[in-house]
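K.L.:
From just these sequences and the hints, can you work out the full model?
Listed in order, the protein sequences are those of chains U and G. Counting with full-length UniProt numbering, you get residues 1 to 315 for the letters of the first sequence. Counting with full-length UniProt numbering, you get residues 1 to 545 for the letters of the second sequence.
Please keep in mind that the hints were generated in silico from the structure rather than gathered at the bench. All C-beta atoms, glycine included, are put in the ideal place defined by N, C-alpha and C. It is possible that part of the hints are untrue.
[Said to hold, decoys possible] Taking lysine to any residue pairs in the SDA-like style, the calculated list, with each CA pair at most 20 Å apart, reads:
(1) U:Lys224 <-> G:Leu53
(2) G:Lys31 <-> G:Lys169
(3) U:Lys224 <-> G:Arg117
(4) U:Lys224 <-> G:Lys85
(5) G:Lys85 <-> U:Asn223
(6) G:Lys85 <-> G:Gln126
[Claimed, not checked] With the C-beta cut set under 7 Å, the calculated list includes, among others, these residues of chain G facing chain U:
(7) Met51
(8) Leu53
(9) Thr80
(10) Glu93
(11) Ala97
(12) Ile101
(13) Gly111
(14) His115
(15) Phe146
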Amino acid sequence: MLWFAFLRLIGLLTTLLAASLVIFVVLEVLPGDPAEVMLGLNAQPDTLAALRAELGLNAPVTTRYVSWILGMFQGDFGISYTYSVPVSELISERIQVSLPLAAGSLILSTLIAIPVGVYSARHHGKIIDTGIMSVAQIGIAVPNFWIAILLVYVFAIVLRILPSGGFPGWDVSVLGSLQALLLPVVALALPQASILARVMRSALLDVLHEDYIRTARAKGLSNKATLWRHGVRNALIPVLTILGLQFSFLIAGTVIIENLFYLPGLGRLIFQGITQRDLIVVRSSVMLLVALTIFVTFLVDIAYAAIDPRLRRRA
Amino acid sequence: MSAIFSARDLCVSINGKQILRDVDFDLERGKILGLVGESGSGKSMSALSAMQLLPEGASQSGELSFEGKNLTRASDPEMTHIRGKDISMVFQEPMTALNPIRTIGDQVAEGLRWHLRISRKEAWEQTIDVLERVGLGPEYGLMDRFPHQLSGGQRQRVVIAIAIACQPKVLIADEPTTALDVTVQAQILTLLKDIVKKEQMAMLLISHDLAVVAEMADTVAIMKDGVIVEDGPTGELFDNLSHPYSQKLFEASNHVPVPRQEPVDERAQPLLKVSNVLRQYPLSRASIFTRRQWHRAVQHVSFSVAPRQSLGLVGESGCGKSTLARTILGLTPPDGGSIQFLGKDPFAVSRNDRRDLQLGMQAVFQDPYGSFDPRHTVERTVSEPLHLMRSDLSREQRRKRVHEVLESVGLASADANKYPHEFSGGQRQRIAIARALVTNPSLIVADEPVSALDVSIRAQILDLFADLRDRLGMAYLFISHDLSVVQAITDRVIVMNAGRIVEEGPTGEVFSNPKHPYTRMLVSAVPDLNEALRKRRKKENKDTQ
Numbered sequence: 001m002l003w004f005a006f007l008r009l010i011g012l013l014t015t016l017l018a019a020s021l022v023i024f025v026v027l028e029v030l031p032g033d034p035a036e037v038m039l040g041l042n043a044q045p046d047t048l049a050a051l052r053a054e055l056g057l058n059a060p061v062t063t064r065y066v067s068w069i070l071g072m073f074q075g076d077f078g079i080s081y082t083y084s085v086p087v088s089e090l091i092s093e094r095i096q097v098s099l100p101l102a103a104g105s106l107i108l109s110t111l112i113a114i115p116v117g118v119y120s121a122r123h124h125g126k127i128i129d130t131g132i133m134s135v136a137q138i139g140i141a142v143p144n145f146w147i148a149i150l151l152v153y154v155f156a157i158v159l160r161i162l163p164s165g166g167f168p169g170w171d172v173s174v175l176g177s178l179q180a181l182l183l184p185v186v187a188l189a190l191p192q193a194s195i196l197a198r199v200m201r202s203a204l205l206d207v208l209h210e211d212y213i214r215t216a217r218a219k220g221l222s223n224k225a226t227l228w229r230h231g232v233r234n235a236l237i238p239v240l241t242i243l244g245l246q247f248s249f250l251i252a253g254t255v256i257i258e259n260l261f262y263l264p265g266l267g268r269l270i271f272q273g274i275t276q277r278d279l280i281v282v283r284s285s286v287m288l289l290v291a292l293t294i295f296v297t298f299l300v301d302i303a304y305a306a307i308d309p310r311l312r313r314r315a
Numbered sequence: 001m002s003a004i005f006s007a008r009d010l011c012v013s014i015n016g017k018q019i020l021r022d023v024d025f026d027l028e029r030g031k032i033l034g035l036v037g038e039s040g041s042g043k044s045m046s047a048l049s050a051m052q053l054l055p056e057g058a059s060q061s062g063e064l065s066f067e068g069k070n071l072t073r074a075s076d077p078e079m080t081h082i083r084g085k086d087i088s089m090v091f092q093e094p095m096t097a098l099n100p101i102r103t104i105g106d107q108v109a110e111g112l113r114w115h116l117r118i119s120r121k122e123a124w125e126q127t128i129d130v131l132e133r134v135g136l137g138p139e140y141g142l143m144d145r146f147p148h149q150l151s152g153g154q155r156q157r158v159v160i161a162i163a164i165a166c167q168p169k170v171l172i173a174d175e176p177t178t179a180l181d182v183t184v185q186a187q188i189l190t191l192l193k194d195i196v197k198k199e200q201m202a203m204l205l206i207s208h209d210l211a212v213v214a215e216m217a218d219t220v221a222i223m224k225d226g227v228i229v230e231d232g233p234t235g236e237l238f239d240n241l242s243h244p245y246s247q248k249l250f251e252a253s254n255h256v257p258v259p260r261q262e263p264v265d266e267r268a269q270p271l272l273k274v275s276n277v278l279r280q281y282p283l284s285r286a287s288i289f290t291r292r293q294w295h296r297a298v299q300h301v302s303f304s305v306a307p308r309q310s311l312g313l314v315g316e317s318g319c320g321k322s323t324l325a326r327t328i329l330g331l332t333p334p335d336g337g338s339i340q341f342l343g344k345d346p347f348a349v350s351r352n353d354r355r356d357l358q359l360g361m362q363a364v365f366q367d368p369y370g371s372f373d374p375r376h377t378v379e380r381t382v383s384e385p386l387h388l389m390r391s392d393l394s395r396e397q398r399r400k401r402v403h404e405v406l407e408s409v410g411l412a413s414a415d416a417n418k419y420p421h422e423f424s425g426g427q428r429q430r431i432a433i434a435r436a437l438v439t440n441p442s443l444i445v446a447d448e449p450v451s452a453l454d455v456s457i458r459a460q461i462l463d464l465f466a467d468l469r470d471r472l473g474m475a476y477l478f479i480s481h482d483l484s485v486v487q488a489i490t491d492r493v494i495v496m497n498a499g500r501i502v503e504e505g506p507t508g509e510v511f512s513n514p515k516h517p518y519t520r521m522l523v524s525a526v527p528d529l530n531e532a533l534r535k536r537r538k539k540e541n542k543d544t545q
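P.N.:
So, in structure tokens, the structure goes:
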């Protein structure tokens with residue numbers, strides 16, 4: 001198991017390195033250097049030269065790449081051009097919003113999906129199953145920003161119990177911050193939960209046809225005990241796969257949702273970075289998101305092995 | 001002695017289709033009832049209904065009485081107190097009957113904890129005892145292992161351990177050894193017999209194999225289309241089979257196709273010559289610092305097949321026979337040694353020559369249904385190998401050829417327009433044989449060609465192989481784990497164990513006078529119907545005196 005984790009960890013580092021290379025190449029080596037992109041079409045040659053010097057663009061490409069990577073290891077992500085503050089500061093500030101948002105919706109969607117999927121599988125073919133799955137189908141079809149708008153209308157405008165946007169900050173008001181995150185978390189979680197619930201249901205239905213389920217019943221276990229002890233854990237493997245894949249969609253979702261709710265999160269930072277051509281911010285925050293996604297994939301792999309002993313030997 | 005479990009007028013239907021009709025049987029303490037029948041006869045459904053684990057949509061009538069209760073009327077919560085505690089079941093497929101992600105100890109202990117409401121520690125101790133009772137003592141260290149780390153025989157022992165953990169009064173075994181090798185089958189059957197004796201359980205043994213049932217059962221019931229056509233004490237019943245179906249079944253089990261008329265010229269230029277073939281697979285490394293280990297699936301195997309000769313290749317699962325077959329068929333090159341077919345090495349010749357070689361050698365596999373594309377008509381399936389002949393044949397000629405071979409395997413030319421699902425298992429195997437015959441090959445490699453078939457159909461297919469041998473002068477390489485099949489149809493036999501040939505010789509000689517200890521063990525492990533009946537009669541005579 002430890003060996004397995006070690007091999008996965010090496011794989012993770014390799015992927016990170018490859019991703020950093022792609023991001024670096026795309027943003028810096030392609031036509032038009034960052035200084036031109038940042039200053040726009042009407043830039044003066046001397047301002048350009050000054051910015052190039054400031055950004056260290058005159059150094060060879062390899063040197064710039066290495067210094068970027070080494071800098072990130074030391075927590076130095078460069079200095080934002082538009083904000084004139086270190087990017088690391090920006091990111092650490094924004095991640096306090098984005099991380100709880102992403103983690104919250106991941107947890108919420110799992111908490112909704114697994115019981116719903118199991119319930120639906122247990123009542124397979126009955127009206128309640130069909131009903132739940134139709135609702136889930138709608139949940140998949142409807143985009144999360146539309147759900148967000150609906151939630152804002154109901155809870156912020158009609159009922160007036162939750163804020164419609166903005167973020168007070170954790171040091172100002174913990175409760176207020178939680179309230180501010182509640183609607184965005186729900187808006188992000190619902191579509192994810194719909195997909196997960198369907199996967200959970202079909203995975204469980206597949207497992208319930210396995211011979212070992214019959215063995216468990218022959219031992220005398222009741223239907224319910226069989227389902228929980230032998231069905232659910234075995235059905236979790238495909239659910240985990242989807243969960244891992246969904247994480248990147250979740251990240252993409254935060255860009256939209258954070259803009260919608262005026263949350264000062266990473267997604268919004270990237271969005272602003274792109275519109276203001278602050279490529280240093282974009283580069284580092286994209287790298288951070290990539291790292292996060294790869295790390296989640298790593299966690300999913302470890303979880304596979306924890307669930308299924310057959311996967312532990314292979315690496 | 002009175003019955004502890006009995007079925008009276010048991011009828012089961014699933015979604016309106018009647019599966020069992022007026023089934024009666026009795027199970028007595030310390031005795032085994034053998035229930036015999038072919039696939040679809042309803043024997044497995046009898047077992048599931050005794051456990052009240054019938055599939056969805058099933059309805060039942062009649063009586064299943066156990067300790068004064070009629071189980072057909074018992075609710076599911078009531079049955080959870082009986083299943084696994086008083087009535088237990090052993091399943092056919094040990095591979096899939098265990099949960100792959102839970103430890104052996106955990107799975108055996110689960111039933112104990114559920115029924116006896118004992119602590120985890122007590123259950124653990126009892127589990128060690130139960131595993132010891134099925135011959136898996138602590139020296140195997142299985143408690144913390146997972147099913148995939150066990151051999152097939154060990155898994156089936158674990159399945160039996162789960163069934164007998166709570167010392168049930170009734171044990172139902174549905175084809176408990178069908179998926180196992182003969183030597184392992186012999187061990188498992190002995191184990192089951194001992195358990196029934198020692199713990200005075202009543203057992204219902206379900207099998208398609210008359211020899212297994214004759215060896216094990218005190219009484220036998222023969223089932224066809226959901227009806228028990230005949231039953232009685234084993235020896236007596238087999239001596240006086242009166243129902244035509246039972247007679248047919250008995251004959252099919254003993255069936256030997258007509259022996260070869262013209263002798264084979266073994267000195268002729270061999271059709272297939274396998275010299276010193278080696279096949280090996282890399283094993284995954286324990287760590288990056290150790291050298292990679294190789295598993296030698298086939299180790300320096302040499303033999304040859306003469307024209308018109310039928311050669312048998314027997315061995316247990318994992319002995320390398322299928323790996324060897326893949327190499328002979330030209331699917332995977334050997335890692336050492338060479339193959340010569342019609343005097344040429346298929347891995348050394350040009351593409352066109354290889355095609356000619358492929359025309360001369362065709363294959364028949366175990367599962368005909370799995371080897372057909374369900375969306376292709378029989379004509380398309382059967383004519384497929386003709387692509388090898390490039391454009392030599394017109395469409396009309398092809399159709400004619402397909403009709404010819406279909407008739408030659410006992411099907412009608414009209415069957416060419418049908419789809420695989422419209423045929424029975426035996427007919428599908430005939431189609432597979434027709435597909436092999438279509439290129440007019442001189443050698444057919446048949447990998448377990450009758451293992452998936454019922455005895456009566458198996459007899460017909462063996463007759464077909466014998467007929468093609470005599471009529472078309474076909475040579476065979478017959479690969480099987482089933483010695484009786486190889487004995488019935490081959491002239492020479494090769495016995496493989498752990499990738500090596502351990503014995504080779506004329507079939508009759510090898511089986512009647514095996515020289516290698518492994519062959520001896522293999523031959524003695526095969527259940528022999530006549531031998532079993534002889535012993536049974538002796539015992540029954542002694543009992544009545």
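K.L.:
Of the hints stated earlier, which fail here?
P.N.:
none
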